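Turn these sequences into a full structure, and let the hints guide you.
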Amino acid sequence: TQRAWDVGVQVMIEGPGHMAINEIEVNMQLEKRLCKGAPFYVLGPLVTDIGAAYDHISGAIGGAVAAASGADMLCYVTPAEHLRLPNLEDVREGIVATKIA
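When we follow the numbering used here, the leftmost residue of the sequence shown carries the number 70, and every step to the right adds one.
There's no promise every hint is true.
What the hints assert, rightly or not - FRET-style restraints, in silico, Cβ to Cβ:
id, residue 1, residue 2, range
1, Lys168, Pro108, 15 to 25 Å
2, Arg153, Arg72, 30 to 40 Å
3, Met81, Ile164, 15 to 25 Å
Everything labelled a hint here was simulated from the structure, so no lab data went into it.
Owing to the predicted nature of the structure, the values given are computational and were not obtained by experimental measurement.
Glycine is no exception: its CB is placed at the ideal position from the N, C-alpha and C atoms.
Rendered as structure tokens:
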């Protein structure tokens, strides 16, 4: 982060996409500290790997915890994650779930 800032490059940090729900808060705090407060976003995070076709729900659960723990932005996850390329309805469902988070 600092090397980029030293040469005038903006930085946004991408966090994890899969993480146990009980590890999210500590991870958010650690990442924000190590990255010197640069904007930090997460891909969910998905809190279980057994929710195929329901990853948008798993991601919304993790996203709510991440947002409450300091994540600056959330990346939406579609129900098609890990199954196929998303269609328009998948994208809509993912965005709705993330907005609820």
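Right, here's what the structure says about each hint:
Distance hint check: the CB atoms of Lys168 and Pro108 are about 19 Å apart, consistent with the given range 15 to 25 Å. Between Arg153 and Arg72, the C-beta spacing of about 38 Å keeps the proposed range 30 to 40 Å intact. For Met81 and Ile164, the hinted distance range of 15 to 25 Å is satisfied, since their beta carbons lie about 20 Å from each other.
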